[in-house]
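Engineer: Residue numbers (the working numbering), protein chains in the order written: chain Z, 1 to 455; chain G, 1001 to 1455; chain A, 2001 to 2455; chain F, 3001 to 3455.
Worth flagging that the hints you see were computed from the coordinates, not collected in a lab.
Beta carbons: idealized from backbone N, C-alpha and C, even for Gly.
A hint or two may mislead.
Some residues of chain F that are not near chain Z, with every Cβ distance over 10 Å (derived) [stated by the list, open to error]:
hint, residue
1, MET3295
2, ILE3310
3, SER3431
4, GLN3453
Computed spacing ranges between beta-carbons, pair by pair [as the list claims (entries may be wrong)]:
hint, chain 1, residue 1, chain 2, residue 2, range
5, A, THR2395, G, ARG1359, 55 to 63 Å
6, F, ARG3280, G, SER1162, 57 to 65 Å
7, G, THR1264, A, ARG2280, 15 to 23 Å
8, G, SER1162, A, ILE2109, 52 to 60 Å
9, Z, TRP32, F, PHE3021, 44 to 52 Å
10, Z, PRO11, F, ASN3281, 53 to 61 Å
11, G, HIS1139, A, MET2098, 45 to 53 Å
12, Z, TRP32, F, LYS3138, 52 to 60 Å
Protein chains: 4
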Amino acid sequence: HIRSSGWIISPMDSRYRCWEFYMVLLVAYSAWVYPFEVAFLNSSPKRNLCIADNIVDLFFAVDIVLTFFVAYIDERTQLLVREPKQIAVRYLSTWFLMDVASTIPFDAIGYLITGTSTLNITCNLLGLLRFWRLRRVKHLFTRLEKDIRYSYFWIRCFRLLSVTLFLVHCAGCSYYLIADRYPHQGKTWTDAIPNFTETSLSIRYIAAIYWSITTMTTVGYGDLHASNTIEMVFITVYMLFNLGLTAYLIGNMTNLVVEGTRRTMEFRNSIEAASNFVNRNRLPPRLKDQILAYMCLRFKAESLNQQHLIDQLPKSIYKSICQHLFLPSVEKVYLFKGVSREILLLLVSKMKAEYIPPREDVIMQNEAPDDVYIIVSGEVEIIDSEMERESVLGTLRCGDIFGEVGALCCRPQSYTFQTKSLSQLLRLKTSFLIETMQIKQQDNATMLKNFLQHH
Amino acid sequence: HIRSSGWIISPMDSRYRCWEFYMVLLVAYSAWVYPFEVAFLNSSPKRNLCIADNIVDLFFAVDIVLTFFVAYIDERTQLLVREPKQIAVRYLSTWFLMDVASTIPFDAIGYLITGTSTLNITCNLLGLLRFWRLRRVKHLFTRLEKDIRYSYFWIRCFRLLSVTLFLVHCAGCSYYLIADRYPHQGKTWTDAIPNFTETSLSIRYIAAIYWSITTMTTVGYGDLHASNTIEMVFITVYMLFNLGLTAYLIGNMTNLVVEGTRRTMEFRNSIEAASNFVNRNRLPPRLKDQILAYMCLRFKAESLNQQHLIDQLPKSIYKSICQHLFLPSVEKVYLFKGVSREILLLLVSKMKAEYIPPREDVIMQNEAPDDVYIIVSGEVEIIDSEMERESVLGTLRCGDIFGEVGALCCRPQSYTFQTKSLSQLLRLKTSFLIETMQIKQQDNATMLKNFLQHH
Amino acid sequence: HIRSSGWIISPMDSRYRCWEFYMVLLVAYSAWVYPFEVAFLNSSPKRNLCIADNIVDLFFAVDIVLTFFVAYIDERTQLLVREPKQIAVRYLSTWFLMDVASTIPFDAIGYLITGTSTLNITCNLLGLLRFWRLRRVKHLFTRLEKDIRYSYFWIRCFRLLSVTLFLVHCAGCSYYLIADRYPHQGKTWTDAIPNFTETSLSIRYIAAIYWSITTMTTVGYGDLHASNTIEMVFITVYMLFNLGLTAYLIGNMTNLVVEGTRRTMEFRNSIEAASNFVNRNRLPPRLKDQILAYMCLRFKAESLNQQHLIDQLPKSIYKSICQHLFLPSVEKVYLFKGVSREILLLLVSKMKAEYIPPREDVIMQNEAPDDVYIIVSGEVEIIDSEMERESVLGTLRCGDIFGEVGALCCRPQSYTFQTKSLSQLLRLKTSFLIETMQIKQQDNATMLKNFLQHH
Amino acid sequence: HIRSSGWIISPMDSRYRCWEFYMVLLVAYSAWVYPFEVAFLNSSPKRNLCIADNIVDLFFAVDIVLTFFVAYIDERTQLLVREPKQIAVRYLSTWFLMDVASTIPFDAIGYLITGTSTLNITCNLLGLLRFWRLRRVKHLFTRLEKDIRYSYFWIRCFRLLSVTLFLVHCAGCSYYLIADRYPHQGKTWTDAIPNFTETSLSIRYIAAIYWSITTMTTVGYGDLHASNTIEMVFITVYMLFNLGLTAYLIGNMTNLVVEGTRRTMEFRNSIEAASNFVNRNRLPPRLKDQILAYMCLRFKAESLNQQHLIDQLPKSIYKSICQHLFLPSVEKVYLFKGVSREILLLLVSKMKAEYIPPREDVIMQNEAPDDVYIIVSGEVEIIDSEMERESVLGTLRCGDIFGEVGALCCRPQSYTFQTKSLSQLLRLKTSFLIETMQIKQQDNATMLKNFLQHH
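Taking the hints into account, I'd like the entire structure generated from these sequences.
Structural biologist: And the structure:
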């Protein structure tokens, strides 16, 4: 459902995605330029900027028309709706009016009617409708945050930075506007800078932004402060707003930091718990090393998280994964040669993958035969530890099975099996193996024959 | 228990709720006006405000009387107590005294006794008892926060904003009061503004608020700073208080941000875990798409959260829900035609609803018959995939059952069943189906007859 | 182990607790007074304060001696050690030296040696050892935080406030000290206040504290700022320190806010989940009311948290609780009259308590007899709902059992049982009841006889 | 794999670790000195510093060569790669170029080419490449954070402090540089301090750092503020950056505080839940004490966390731990004398360790024999509580078993068993004991013989 068909464009179409991104750039441009124009260029509007603004408005008009041809995903059914009528009804009943209102070039109309290029207060207020377009920027960020190709941390930081910069810009322009329009000259914040009105545009803009950010960050040097009541009111509102914004920024950063350090915290906590446990119980050094190695491995290889993920999936996907991951290894095992695929699938779906660190006992001599293991990777040594003397009898590799002698003969394990290197093993409960063997008589016979031939 | 009866009013009565809301507005008014009156209007009290204050006090007196007729919910038993005597005892032993004390018009009494309309210090301090009424505002916010019709984020923001504004107002009025009452003229913070005492009321109020919020937000321009020791002490206390308030604001915002981004975080984490898992195990693209589609679906359709919710409910409600949701679908199934309602209810209570994304294998050919599925919505294709060649044999729709052939004949599934679109399926363990069939001989026969007729 | 015996005092003895609290007050006094003395009274030390200081030191000396007679709890074994020798060894090897060093009255010794009452720099530095005593304050707060009789929120706030105030005090005194000792008069921060050196002690102290808190809270008016390099260095260090402290305050407040709103959040989330679930599945209003009532009840009555708590306890305590809570209700049930206590205890240990909101079906007609219920409180109606017509057959009260007819006769439930008011029920699995009855032949007979007599 | 062999050095070799730490110190030195040199010593470079810089660069050159001989751990396989070719390929394809670029002494080369020791702008910019080395500091901190030998809190605080100080230093130097290079004398921030350019180096440096930290911490006294447009732009950028940094600091601190108070919170919550539960159900004081004692014990002895940890370990390690911890106690038990090791291992692997507080009933008289207990430490009293009169019959100690009479004779427990002091018990389900006994006929006979001999 990603391709577009007929006149209807899919919202997932890459060309439409490009268009959307381009529109967001235009939104950013117009949201940036508008306060600047009103505050700094009102007395002497620039011809070039006017033309640019109207071209931008034209693009937005095209986008409004385009929206009638873009399919949408229904919230309830999660299906793509391509019916032109439904699309039109949905758009007309939701954002259409606001989109149109924010696209009408009120200043151009004002110029045609009044004949003067100086914007009056009505036009300025109507121009605020353009901020409605910022909704698109929000949508873009929300989508990017859910896209795992990008880092959540940086997308979120960039989003917060954009919001902060935009507000600093708006506040700076407004503060300048208030001083510029103040009737009694000589009692505004601009008096703190000598010859302010004669200086160049960039110097005036930078001073306004400097004040704005000094206040926003609560540094408040005090070199540029309110000089009359209107400015006091404006600053009061701005500071109250900043209080919320600063708290929001800190809240977001805290959230990101907590998320970012979570894994390290968990790692430390589990290692510390293991270390405390070992010390409290005075376990021998060999067991201690095994436990700590396992805990470290767990965080590096993330094998257990894997199990957690698999548990979340529905049974059908789970079976496919088991089949894909374990069947090749299981088919190599001598015991299952010639066994029907049905039985193999059944066995595979009950196996658990485990990563075992090096030099660890998987099966201990004289232990009851609870489990059977199949080696997927790594090496396992067979050790005979009769009478305190350990002798290595052999090494098992990928595709070998062990523990099956005890399981099929119902007697305690005759040898210790110890990993030589980091190994991935499939564990299968003995009871389930026996049960499964008894399902199909023919396969049972095959397996027993395999077993007897091998030993 | 929402309706009022006799003389006793239910606290859930909508008219009483309106009255309560109206009282909160009056509280807000009186808490706002009182510091303003004391600080700015003390030397020249306004006649209108005096009258308004006394009318407000009258309403509070009415409310005290009314409280004797409002039932309450007992904390222990969670039952509504309507007994007038119990209501009176409870009110008299708790808030009655404070309510009365905060309603007595001390300034009016003071005027009657002293004959001057200027408030003295005793009256001012007694007037602080009015802040006792703010308890009502707190109760309203606490109730609104628990009401899921309103957004927690905005209620909480509004609550914090109200607290902040109220404190800014109080601090501004106090700061002005200190300067106004300072014995030695010409050494207060007001000296920084020329001709301060002659300016209009609004300009003086705005200046005080401007100072208050500049200090609260820690901007601290320094244009209005302490000029004498009393002001220093006041500012010290105010700043110490603000330190706590700012930390509280940030703490709340962090809490809201964490809560607000929790779902996005969870979504990203699970998608990333799935993506890592797929890459680490080099799963084929088809399985990868299935897994990612399922993880996305899980967050959109929230079917699993649904299961989590159902698990929390007591068994009796759980059975009713199952009956309501699944019985209509189950009754349509050919296998259960003519089966007694008792057996159907038993079957239904053991079914699990699952949402399966499109193009996913629900049952694989030659698989052991563990589960039987009933289609609630969506479509499922029957696929015969013998010898690497897949051929679609048919499509199942709402009310169809599949997997029952294997289950009832105790042999591996003969076909693969794959979803065609997003489907909701009911899963029933084969073992449980067999068990349930054997409970009632008659229903067992009906089902077997249905099965044989159908095939 | 709370009483003291012989010469050894128990640390849990209430008199020792009082002494400890009194010592903390002395610590607070000496930590407060010391910086003040050094900074403000150095040139003209007060006789009274000197005497007070030495009395305080005397108390600390007494405490050092006392510590040799106070038992302690061993970290490993969690047992109280009363052996004088062990106590002495432990104290001498840990804090003894520091305690003695912080108690020696260096200034008195200095006075005896030099003959002047003005403290020199060595004495001042040695006096800093007194801050070692603050360890006691920390211990007190740590213990109070773990004491559930006090609110964690307020204890924590008070702790943070104490730390903040103490640091503000120390910084203020240090800042004054730097200006006071600065060799070149006329270039310190005190120049900003006219005639600073001639003003009274309190005004100078307030100014220093005013500066200290203005800087700490980052308001930074700038009316009192650094005027020479030494002050700049001091302020740099102080601000860096404040950055950490402010972050720590905010972190703590966030933690408290999160903890404080956790329950409301959980409540909202579960209610919202339930509401969404109901709307998505279009459940009938009656079921919707039941589900929402149950979710609300769950948070008010906390019955489920109760189950969670019980699960954490060891089996032996769990059995005692069940016996205490449920046995009286179970003994009242007609079915268990004359049954041996052993069997009753066994039954009771397997029962689960459930709170059911009013008007909810506990057992539905024709349902399989899975569970048997005993009423602990509330009322349950027996309803016969044959042919769409519901007729109430009777009402069951505390001590009644229901569902046992179906359970013992192995047939579907003949009536619907619905709660009339909020009820607490004990649920017992039918299978377990049957199993338990078969343990003792005699009790089985008694129960069957009871059952037959009753019906 | 910690030892180095041949020419290849292991990254875990302690000598290499020392070298790495020494390199980090050099990095810190060069990152600190470079901005200082550029800003303050540009006009009069110091001969000594130049030589020191070149020696430092020499060390980094040596380190680049060394890196070709250091083995590395492969991310995928978690194995150590010692192959020189692989090491070289990996290094050349990753950081080699940047390392070389950051080591070339551009200023020395510039001196050789131009013949003047004054750095020009190109050299300054190329010098910024040295900040690339800070990567090493980050790696060191990341490794220390994962090392449980050091406190996470202090490592993290030290890391944040380092970052903050470094940025303050850089900003201070840059701010001075801007003023120093500003063409029109008399319009920079340095004008606020009289005779700034003539003062000593340290005074100028301290003033710059004072401004830097005043702005960073948002105190903003305003005594040193921007005086021209370039400074305004610089401050704007610096403040925006600080906003992020401050939020990051607070976020980190919040994270640490939450982590630090987690255990106390959990403790309070569980004690409060237990206390509420006891009060709501009006349990007798003896049960209340038992419950609260158990909850306290749980947090002190952490026995339950131990169980949680054991559950995470793979089965093979789990069995080793059980064997190590419990086998010595089990072998002492009279019942298991002469029983084969195989059966003992099986029994041990199913035992659960429990800490029971003093004076608590482990088994109650007439209770069904569900569990058998073995004492590991502590004492247990046998109590006969017939007819409301309790008489102590004896005391059991380490290595004793109780509850086995009921278990083997299949009759209710004849006595109550109560702990006398804090005891660690092994719990074994009766059913599992019976099952295990029946595995081997010979051991069954031995156990029964032991049992009969003992009674």
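Engineer: Each hint should be assessed against the structure and marked as holding or not.
Structural biologist: Hints, verified against the model:
The Cβ of MET3295 (chain F) lies farther than 10 Å from every Cβ of chain Z, with a closest approach of about 20 Å, so its non-interface assignment holds. The Cβ of ILE3310 (chain F) does not lie farther than 10 Å from every Cβ of chain Z; its closest approach is about 8 Å, which violates its non-interface assignment. Listed as outside the interface, SER3431 (chain F) is consistent with that label: its C-beta sits roughly 16 Å from the nearest C-beta of chain Z, beyond the 10 Å cut-off. With a closest Cβ-Cβ approach of about 26 Å to chain Z, GLN3453 (chain F) is found to remain outside the 10 Å limit, as its non-interface label requires.
Distance hint check: the CB atoms of THR2395 (chain A) and ARG1359 (chain G) are about 56 Å apart, consistent with the given range 55 to 63 Å. A hinted range of 57 to 65 Å for the beta carbons of ARG3280 (chain F) and SER1162 (chain G) is inconsistent with their spacing of about 35 Å. Distance hint check: the CB atoms of THR1264 (chain G) and ARG2280 (chain A) are about 21 Å apart, consistent with the given range 15 to 23 Å. Distance hint for SER1162 (chain G) and ILE2109 (chain A): a CB-CB separation of about 59 Å, consistent with the stated range 52 to 60 Å.
At roughly 48 Å, the beta carbons of TRP32 (chain Z) and PHE3021 (chain F) sit within the given window of 44 to 52 Å. Against the hinted window of 53 to 61 Å, the Cβ-Cβ separation of PRO11 (chain Z) and ASN3281 (chain F) comes to about 58 Å, which satisfies the hint. Between HIS1139 (chain G) and MET2098 (chain A), the C-beta spacing of about 51 Å keeps the proposed range 45 to 53 Å intact. For TRP32 (chain Z) and LYS3138 (chain F), the hinted distance range of 52 to 60 Å is not satisfied, since their beta carbons lie about 35 Å from each other.
Taken one by one, the earlier hints fail for this structure at numbers 2, 6 and 12, listed in ascending order.
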